[in-house]
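Using the sequences and the accompanying hints, generate a full structural model.
There are 2 protein chains.
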Amino acid sequence: MLKFVSLLLALSFCQGLQHNNIDDYVEAEPVFEASKYGSLWPLPQKVQISEVSFKLTSSTAVFISCFYIYLFKSLHIIYICDPSDLSELQVWITSPDSECDGYPSVTSDESYELTVNQPVAVLKAPKVWGALHGRIYSIYFLSIINDFPRFQHRGILLDSSRHFLPIKVILANLETMAMNKFNVFHWHIVDDQSFPYLSRTFPQLSEQGAYHPYTHVYTPADVKMVIEFARLRGIRVIPEFDTPGHTQSWGKGQKDLLTPCYSGSKPSGSFGPVNPILNTTYDFMAQFFTEISTVFPDGYVHLGGDEVDFTCWKSNPDIQKFMEQQHFGDDYRKLESFYIQKLLDIVTSTKKGYLIWQEVFDNGVKLKPDTVVHVWIGGGSDKEMSSVTAAGYTTILSAPWYLDYISYGQDWQKYYKVEPLNFEGTDEQKKLVIGGEACLWGEYVDATNLTPRLWPRASAVAERLWSAKDVTDIGDAFNRLSLHRCRMVERGIPAEPLFSSYCPHEYKGV
Amino acid sequence: MLKFVSLLLALSFCQGLQHNNIDDYVEAEPVFEASKYGSLWPLPQKVQISEVSFKLTSSTAVFISCFYIYLFKSLHIIYICDPSDLSELQVWITSPDSECDGYPSVTSDESYELTVNQPVAVLKAPKVWGALHGRIYSIYFLSIINDFPRFQHRGILLDSSRHFLPIKVILANLETMAMNKFNVFHWHIVDDQSFPYLSRTFPQLSEQGAYHPYTHVYTPADVKMVIEFARLRGIRVIPEFDTPGHTQSWGKGQKDLLTPCYSGSKPSGSFGPVNPILNTTYDFMAQFFTEISTVFPDGYVHLGGDEVDFTCWKSNPDIQKFMEQQHFGDDYRKLESFYIQKLLDIVTSTKKGYLIWQEVFDNGVKLKPDTVVHVWIGGGSDKEMSSVTAAGYTTILSAPWYLDYISYGQDWQKYYKVEPLNFEGTDEQKKLVIGGEACLWGEYVDATNLTPRLWPRASAVAERLWSAKDVTDIGDAFNRLSLHRCRMVERGIPAEPLFSSYCPHEYKGV
Numbered sequence: 001m002l003k004f005v006s007l008l009l010a011l012s013f014c015q016g017l018q019h020n021n022i023d024d025y026v027e028a029e030p031v032f033e034a035s036k037y038g039s040l041w042p043l044p045q046k047v048q049i050s051e052v053s054f055k056l057t058s059s060t061a062v063f064i065s066c067f068y069i070y071l072f073k074s075l076h077i078i079y080i081c082d083p084s085d086l087s088e089l090q091v092w093i094t095s096p097d098s099e100c101d102g103y104p105s106v107t108s109d110e111s112y113e114l115t116v117n118q119p120v121a122v123l124k125a126p127k128v129w130g131a132l133h134g135r136i137y138s139i140y141f142l143s144i145i146n147d148f149p150r151f152q153h154r155g156i157l158l159d160s161s162r163h164f165l166p167i168k169v170i171l172a173n174l175e176t177m178a179m180n181k182f183n184v185f186h187w188h189i190v191d192d193q194s195f196p197y198l199s200r201t202f203p204q205l206s207e208q209g210a211y212h213p214y215t216h217v218y219t220p221a222d223v224k225m226v227i228e229f230a231r232l233r234g235i236r237v238i239p240e241f242d243t244p245g246h247t248q249s250w251g252k253g254q255k256d257l258l259t260p261c262y263s264g265s266k267p268s269g270s271f272g273p274v275n276p277i278l279n280t281t282y283d284f285m286a287q288f289f290t291e292i293s294t295v296f297p298d299g300y301v302h303l304g305g306d307e308v309d310f311t312c313w314k315s316n317p318d319i320q321k322f323m324e325q326q327h328f329g330d331d332y333r334k335l336e337s338f339y340i341q342k343l344l345d346i347v348t349s350t351k352k353g354y355l356i357w358q359e360v361f362d363n364g365v366k367l368k369p370d371t372v373v374h375v376w377i378g379g380g381s382d383k384e385m386s387s388v389t390a391a392g393y394t395t396i397l398s399a400p401w402y403l404d405y406i407s408y409g410q411d412w413q414k415y416y417k418v419e420p421l422n423f424e425g426t427d428e429q430k431k432l433v434i435g436g437e438a439c440l441w442g443e444y445v446d447a448t449n450l451t452p453r454l455w456p457r458a459s460a461v462a463e464r465l466w467s468a469k470d471v472t473d474i475g476d477a478f479n480r481l482s483l484h485r486c487r488m489v490e491r492g493i494p495a496e497p498l499f500s501s502y503c504p505h506e507y508k509g510v
Numbered sequence: 001m002l003k004f005v006s007l008l009l010a011l012s013f014c015q016g017l018q019h020n021n022i023d024d025y026v027e028a029e030p031v032f033e034a035s036k037y038g039s040l041w042p043l044p045q046k047v048q049i050s051e052v053s054f055k056l057t058s059s060t061a062v063f064i065s066c067f068y069i070y071l072f073k074s075l076h077i078i079y080i081c082d083p084s085d086l087s088e089l090q091v092w093i094t095s096p097d098s099e100c101d102g103y104p105s106v107t108s109d110e111s112y113e114l115t116v117n118q119p120v121a122v123l124k125a126p127k128v129w130g131a132l133h134g135r136i137y138s139i140y141f142l143s144i145i146n147d148f149p150r151f152q153h154r155g156i157l158l159d160s161s162r163h164f165l166p167i168k169v170i171l172a173n174l175e176t177m178a179m180n181k182f183n184v185f186h187w188h189i190v191d192d193q194s195f196p197y198l199s200r201t202f203p204q205l206s207e208q209g210a211y212h213p214y215t216h217v218y219t220p221a222d223v224k225m226v227i228e229f230a231r232l233r234g235i236r237v238i239p240e241f242d243t244p245g246h247t248q249s250w251g252k253g254q255k256d257l258l259t260p261c262y263s264g265s266k267p268s269g270s271f272g273p274v275n276p277i278l279n280t281t282y283d284f285m286a287q288f289f290t291e292i293s294t295v296f297p298d299g300y301v302h303l304g305g306d307e308v309d310f311t312c313w314k315s316n317p318d319i320q321k322f323m324e325q326q327h328f329g330d331d332y333r334k335l336e337s338f339y340i341q342k343l344l345d346i347v348t349s350t351k352k353g354y355l356i357w358q359e360v361f362d363n364g365v366k367l368k369p370d371t372v373v374h375v376w377i378g379g380g381s382d383k384e385m386s387s388v389t390a391a392g393y394t395t396i397l398s399a400p401w402y403l404d405y406i407s408y409g410q411d412w413q414k415y416y417k418v419e420p421l422n423f424e425g426t427d428e429q430k431k432l433v434i435g436g437e438a439c440l441w442g443e444y445v446d447a448t449n450l451t452p453r454l455w456p457r458a459s460a461v462a463e464r465l466w467s468a469k470d471v472t473d474i475g476d477a478f479n480r481l482s483l484h485r486c487r488m489v490e491r492g493i494p495a496e497p498l499f500s501s502y503c504p505h506e507y508k509g510v
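The listed protein sequences derive, respectively, from chains X and G.
Per UniProt numbering: the first sequence = residues 1 to 510.
Per UniProt numbering: the second sequence = residues 1 to 510.
Heads up, a few of these hints could be off.
[Claimed, not checked] Now the stretches of chain X that chain G is said to cover, found in silico as 3 or more residues with beta-carbon under 8 Å:
{"no.": "1", "segment": "96-107"}
{"no.": "2", "segment": "210-223"}
{"no.": "3", "segment": "400-408"}
{"no.": "4", "segment": "420-430"}
[Unchecked claim] The calculated PhoX-like cross-link candidates involving lysine-lysine, where the alpha carbons are at most 25 Å apart (straight line), are:
{"no.": "5", "chain 1": "G", "residue 1": "Lys366", "chain 2": "G", "residue 2": "Lys431"}
{"no.": "6", "chain 1": "X", "residue 1": "Lys168", "chain 2": "G", "residue 2": "Lys431"}
{"no.": "7", "chain 1": "X", "residue 1": "Lys508", "chain 2": "G", "residue 2": "Lys431"}
{"no.": "8", "chain 1": "X", "residue 1": "Lys508", "chain 2": "G", "residue 2": "Lys508"}
{"no.": "9", "chain 1": "G", "residue 1": "Lys366", "chain 2": "X", "residue 2": "Lys168"}
I should point out that these hints are in silico values taken from the structure, not numbers from a laboratory.
From the three backbone atoms N, C-alpha and C, an ideal C-beta is built for every residue, glycine too.
Written out as structure tokens, the structure reads:
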């Protein structure tokens, strides 16, 4: 049942992706030393390197200057720039269904096996997702790599509301995510500041709520392009539509959706969270999330639910009356839960699973068993991981990986040293941790600075989530990451430097 | 004796520089409000805006979409994209010598007067330097601007040793410096990590000491281009060749220049600061700085002198012997001063003035009266400013403006709130403070992240050094700087955002 998918092709336009011989890097020795694992990042689960590998000369080395594979039906291409060194790279998808036409999911098999042996290299993977992961490296030496991820959910959160992110910035970062074996793009697409998502059902949301109704929106075609570009790299796109807080921009295009705040006995003119006491709110949400469920193919949607400020609800006499009727006393968390519960039912009816920020769990909302609880609050996140998993919920961790918090020096080390399972709990509980996400919130980030701020800092998170638990040698990580960062730079990504040094090919080929 | 330099020209390729009508910005009102000074940055010393200015419609407004002037002999060009609004911009250099063919200096007259009055705008300046400063703005309204800098020395330090900075990055930042009325490029060109300056006299310095002898060097032609590009924007180029510390890279190409360190009674194989006890050291320095004095036309050179580590000197028996002979006891600061004294004499003989980091003053080295002492140490910099000026030396301040130290949020405000004369001293002492510099050291900065890290954070320093002392309204500064930052972005400079918001034209025109 082996399925032979494709064969080599030497193409002249490989130059843009050209990768360097490891010899180039040897010049940089005074600053960083060679790891025995070269530039492998994230480190594969099992690597066997021939003892003689580092003694190979360029004439004897099994060497591919660059290669790049799309295995999908429409794109059966392998690029090999220097076929003289390695005459063939065979890619085998070993299970009957390659999943080439499907979308990646939380249960996708991402494993692969790469055997490099002159004159033929073989990349075997049960599914296309693993084959994609095997394509990342240039191969410098005789080796056998057996690889699979430690965690299934390895995400990057980008925020296109605080600042609009042009599509090409998003695509460039999806490409870079693939180079780092991330497999989830958590698209925090709307928030208080702006609503760039162009909804077919409610076009007035972006007409009124985007920074600009034409230049600062994501059209259905844009969204489709992002999703397909991500799929071709084994990346899921999980959109977040955060309610009932963080919704100021929604209110501009959707009358009566937000709660009118009161100043004494009169409306103040400002608005608070989504109004949870009106039927129209739930009608709107039902229609809106029905659209979302068809636009975004992933099995999950992120529903937010964080940081709900009760001040406005408290000021509103209609809300107060509703609180009395429902016997909520003055516990506004009950009102929040009332809203979320109805929202979850709506989303469930669209056949989607959901992720929610940790507050929703903390407030005791009844959740579906397959809910993913997203832990983000910095203080006490270990404790939170314990409680969430003790309650039997699947969880992902972001608390230690808020990459918008910048500081002087090599803060990637701090991210690298995190151990996601370092909390009190049984083995069963630990199994409920399916991964984590590096979050780059957008208050101070836009197209001008996003990419160098994200990379290679997020690469530290990538290795923590992919590689084995015992891969913790910070010196070896520095050496490999320095090379991996130069590889990103050579491929046109402005990944910032780790420390004083240089790359053989600097940014923009200068 | 008025000299009429040039007249308007409407050019179709103005698009790249095109600036927007203020109306575009009005859409952004929810996030930032309009200052009555629009987008003026740094704020001119005197601005008179007609009361009716904000009521003008586009049909009656005196409006130039963009203009851009080079007044130098070779480039008598003014671009006006929309000549229908303003029929003429006259530029008058009012003193007999325009200085068009000269270099800017610390005593250059940078004042200008700009009168916008339909259908003619007049930009008057005694020298070309002032006329350049008047060219920066798009003009939105009837106004009279009388302007001159508060401080004469307004610099940016870039470090091309920790990471090599491609010429095009340097040029782009000179352009941005001009937009912010900076007038000194302090080029920290070499340091421990690498020696990218290609010396005609000692080519082996970069051959051995650069990260790469061909791709990571500044050739004489490169240096000349930087200097001329800067001159055309009224910017001085002051190179720094920092000795006797910070010289590891010098030692690779110049045998016996550095002190051999000892481990017990034997040389350890590593090297310390410049060897101050050999005559060959001073022969080398004399030749080297003679070359520097001809390559760099500015009247000053920065000689460094900071952070000299005495450990290696202490370990070396020849140095110990010399210390005895000179009756220095075990005060190695005396040895450092001995070296610096001889170096200063050498540089003086090349007819250059010099700047030195504060330690040289602190160590009691005899300095020429026109020495500029550069204050950089964070703790106690007010006290240092007092002592330096009490001793009668001219000084510049950098201590509060180390922009390589990054942190979360709007740290530009911290830089903005600095008052350079806020130290104890007489009026005479205060007059000795000729300005300051924002320093972007290169350990964590290269072409991938330099520009968004520098701008608009350095713009805060620009206004502090240019505008009147009482220009301290942080809210008004935020409003103007938001617009000024968008102007930089529109002109292709990836200046990072101040906070959640957007520009009508985002980075790279997306």
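Evaluated hints:
1. Counting residues of the segment 96-107 of chain X whose CB lies closer than 8 Å to any CB of chain G gives 0, so the stated coverage by that chain is violated, three being the minimum.
2. With a threshold of 8 Å between beta carbons, the proposed coverage of the segment 210-223 of chain X by chain G holds, since 4 of its residues qualify and at least three are required.
3. Given as covered by chain G, the segment 400-408 of chain X passes the check, having 5 residues with a CB less than 8 Å from a CB of that chain where 3 are the minimum.
4. Figure legend: the segment 420-430 of chain X, annotated as covered by chain G; annotation inconsistent (0 residues with Cβ-Cβ distances under 8 Å, at least 3 required).
5. Simply put, Lys366 of chain G and Lys431 of chain G have alpha-carbon atoms about 22 Å apart, close enough for the 25 Å limit, and the pair holds.
6. Restraint check for Lys168 of chain X and Lys431 of chain G: not satisfied, since their Cα atoms lie roughly 51 Å apart, outside the 25 Å limit.
7. Restraint check: the Cα-Cα separation between Lys508 of chain X and Lys431 of chain G comes to about 45 Å, which exceeds 25 Å; the hinted pair is violated.
8. A distance of roughly 15 Å separates the Cα atoms of Lys508 of chain X and Lys508 of chain G; the hinted pair therefore holds under the 25 Å criterion.
9. Distance check on the hinted pair: Lys366 of chain G and Lys168 of chain X sit about 58 Å apart at the alpha-carbon level, beyond 25 Å; violated.
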